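Visitor: Given next are the chains, with one letter for each unit.
Number of protein chains: 2
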Amino acid sequence: MYNLEEELINAIKKRTVKRVLLQFPNGLRKYAFKLAKKIEEEANVEAIISADPCYGACDLAIEELKHVNADLLIHYGHAKIPNLKFENIIFIEARSKINVEQAVLKAAEIFKNEEKIGLLTTIQHIDFLTKAKTILENIGKKVYIGNPGEKTIYKGQILGCDLTAAKDIADKVEGFIVISGGNFHGLGVQLTTGKKTVVADPFLNEARVLDELVKATIRKRWIQISRFSECKNIGVLLILKSGQLNLKLAEKMKNELEKKKRKSILICVREVTPENLNSFIDVEAFVNTGCPRIPIEDQLKFEKPILNPEEALIGLGVIPWENYGKTLLEKNIWKLF
Amino acid sequence: MYNLEEELINAIKKRTVKRVLLQFPNGLRKYAFKLAKKIEEEANVEAIISADPCYGACDLAIEELKHVNADLLIHYGHAKIPNLKFENIIFIEARSKINVEQAVLKAAEIFKNEEKIGLLTTIQHIDFLTKAKTILENIGKKVYIGNPGEKTIYKGQILGCDLTAAKDIADKVEGFIVISGGNFHGLGVQLTTGKKTVVADPFLNEARVLDELVKATIRKRWIQISRFSECKNIGVLLILKSGQLNLKLAEKMKNELEKKKRKSILICVREVTPENLNSFIDVEAFVNTGCPRIPIEDQLKFEKPILNPEEALIGLGVIPWENYGKTLLEKNIWKLF
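Protein sequence lines, in the order shown, are assigned to chains A and B. Numbering that gives the first Met the number 0 puts the first sequence at residues 0 to 336. Numbering that gives the first Met the number 0 puts the second sequence at residues 0 to 336.
Please keep in mind that the hints were generated in silico from the structure rather than gathered at the bench. Treat the numbers as computed from the prediction; the structure is a model and nothing was measured. Incorrect hints may appear among the rest.
Which copy? The list can't say, so a pair holds if one copy fits it or any two copies do.
When the alpha-carbon atoms are kept at most 25 Å apart in a straight line, the in silico DMTMM-like pairs for lysine to aspartate or glutamate are as follows [claimed, not checked]:
{"#": "1", "residue 1": "231", "residue 2": "70"}
{"#": "2", "residue 1": "247", "residue 2": "62"}
{"#": "3", "residue 1": "37", "residue 2": "229"}
{"#": "4", "residue 1": "130", "residue 2": "297"}
{"#": "5", "residue 1": "65", "residue 2": "51"}
{"#": "6", "residue 1": "260", "residue 2": "114"}
{"#": "7", "residue 1": "105", "residue 2": "173"}
{"#": "8", "residue 1": "13", "residue 2": "283"}
Just chain A, with the same shape it has in the complex (with noise of 0.2 Å):
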């Protein structure tokens, strides 16, 4: 990150802006303080840091920006989501320095015996994924690398909700190698494209196969489904952030929820926990039309189901559970219905 400040700096000083507010992920909030002077300082404007949870570049401050009066916000951690037309927005992608090479031959080792494989990786490791191709080139494999989607910005580039990089080439690979921090990004790919993934992870110098992790998160949904399947009050999550606000989709949901004899109501919220959930003590499932990935990871956090609208639309009888993976993620979900 660091070496990217005098440009950062530049960049602030050659536009007419008199205060900038900075937004961080968690990870690196512990550098916020010092670089929001350092800007101060060095760039003569007014730095205000945006507190509030961030866990994406679909949860940009615009609003924020307004309310402060700023003129410029200084995103850092994501790389910026295409499809989201916000001016004013410079995106500090966090990209990390650290080497990729013995994870991957780990996972080259779990794939000794398949010649075709996908490469996918995640914003941080972007600038090591030619380095990763060539490793496995070197050893005798066909490395297909698949182009972004909606959300990502570069080729073999995927983010929890974006695996498009992944679905492009799915057909053409034996399995995957991710190279990233972390099992998230590894398990989407896994249960979107079905194919056998292994994360390649640099931090640790290991590589991890997904199996046994996606077989209890299916069974872990199917549980969930089942459960939401007896509900009669639904509330229907609307998201509050930038990149997740989906009214359309929150009503067709409903629509298909009040046709199936359920009763629901739209909620709408800025940050899906508990505690915003718990006191509703008549809703006895929740949908989400925001990220998709709430349900799958943080479903142990809350009393009742939190479900996906697929879902949700497989817990109605509306689509089938076979079609488990290849309907979650997909972004064109109520064209199904």
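Once you have looked at the hints, place chain B on chain A.
Guide: Frame of chain A; chain B shown alone:
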């Protein structure tokens, strides 16, 4: 609450609205789903419930109204704050039907040697204020009820952050009786007036003296102010709620900190929670320019000192500690420096 439903439904029908947004404090959310469904069915509109935290009428879901494309906000629980000028809001005040007589008589017993009593309450018990006055007069007390302030609308009504009705008569009375559940409102009264305050709690039918709580609170604030006075890097919190945002105060606070050789940055946030503040590891203390009760009620949740502006001014040596009560919740605090 329920006897207002028909009136509310008629009020909605009279307007040309298609979609209404309902906002509830946590305690009333148990009724939210049924109430929303009833409004949908009887007023022929779409109802959306806001699920983000809401602790007062200083936190109106004005932005949400635009985001979900609703025409009207129905805000449950709190009374209108008259100096916030927003249109398209219906306030449904939560008025309790619980009798206050026993609790008031027990409070009067504590004040058996005093004659001149100030009487205060919250919106919840405002219907019983006249009755309580009569009860006290019947046993020979002289009862004073102060005028409302900028944020309140009824005589004798107080908020956690507007104790004008107490200050208005503090010089005339020997003590205060505050009709309310919990000690929150009474604590504010004794802290800011210095007068002995007794809570008449109609839910528990008991009366409580607050002397010990007030002493403990002042001791705890003194500790935090002392800790703050040693801190070099200070975050000034700018709260993004409709009735709390005060950019001018935050900037004045920041300037004052820098004059006193502290480094300071403005930090904007919707919810002042440990989750949102803890990740700023190089910020040593916070000054909160929003809800003044957060530092007093919630300090223990936070690792670092979190102070009100007037407390920060004490910590910086700008105003004397002896004036703590008089300066606390002083809305024109920024005129002091």
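Visitor: Each of the hints needs a verdict: does it hold here or not?
Guide: For each hint, the structure was consulted:
1. Taking the shortest Cα distances, residue 231 and residue 70 never come within 25 Å of each other, neither inside one copy (47 Å) nor across copies (28 Å).
2. Taking CA atoms no more than 25 Å apart as the test, residue 247 paired with residue 62 passes in both settings, with 21 Å inside one copy and 19 Å between copies.
3. With identical chains, the CA atoms of residue 37 and residue 229 are at most 25 Å apart between copies only, with a shortest distance of 22 Å across copies and 56 Å within one.
4. In the homo-oligomer, the alpha carbons of residue 130 and residue 297 never lie at most 25 Å apart, since the shortest distance is 34 Å inside one protomer and 50 Å across protomers.
5. Taking the shortest alpha-carbon separations for residue 65 and residue 51, both the intra-copy value of 15 Å and the inter-copy value of 20 Å come in at or below 25 Å.
6. For the identical chains of this complex, residue 260 and residue 114 are neighbours neither inside a copy (51 Å) nor across copies (63 Å), given an alpha-carbon limit of 25 Å.
7. For the identical chains of this complex, residue 105 and residue 173 are intra-copy neighbours only, at 17 Å inside a copy versus 79 Å across copies, given an alpha-carbon limit of 25 Å.
8. When the C-alpha separation of residue 13 and residue 283 is checked against a cutoff of 25 Å, the pair qualifies neither within a copy, at 54 Å, nor between copies, at 33 Å.
Figure legend: structure checked against the earlier numbered hints; hints not met, in rising order: 1, 4, 6 and 8.
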